Amino acid sequence: MHIGQLIKQQVEKQGVTVSWFARQLPCSRTNIYKIFDRATIDTSVLMRISIILKYDFFKHYSEDIKDKM
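If you read the sequence shown in this note's numbering, its first letter stands for residue 1351, the second for the next number, and so on.
Worth flagging that the hints you see were computed from the coordinates, not collected in a lab. Remember, predicted model here, so these are calculated numbers, not experimental data. Any given hint might turn out to be false.
Unchecked claim - Calculated lysine-lysine pairs in the PhoX-like style (CA-CA distance at most 20 Å, straight line):
#1 Lys1358 <-> Lys1409
#2 Lys1409 <-> Lys1363
#3 Lys1404 <-> Lys1363
#4 Lys1358 <-> Lys1404
#5 Lys1363 <-> Lys1384
#6 Lys1418 <-> Lys1384
All chains, please: the whole structure from these sequences, using the hints.
And the structure:
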């Protein structure tokens, strides 16, 4: 699982712009593109992203854990 790619897919699916997303986070557009490239992410940042996009990214981790048990 590549969390950055999942975030990017959700941004594209929702049709929001990178500029809008950056303003909500808040950070620069450059940092958003860096997030898209990350395979891992800090949980507090992922929590903020989940709230902003109204999407539970943590469920992907839960599913991954279940698959490995």
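Right, here's what the structure says about each hint:
no. : hint                : result
1   : Lys1358 <-> Lys1409 : holds (16 Å)
2   : Lys1409 <-> Lys1363 : holds (17 Å)
3   : Lys1404 <-> Lys1363 : holds (12 Å)
4   : Lys1358 <-> Lys1404 : holds (14 Å)
5   : Lys1363 <-> Lys1384 : holds (19 Å)
6   : Lys1418 <-> Lys1384 : violated (28 Å)
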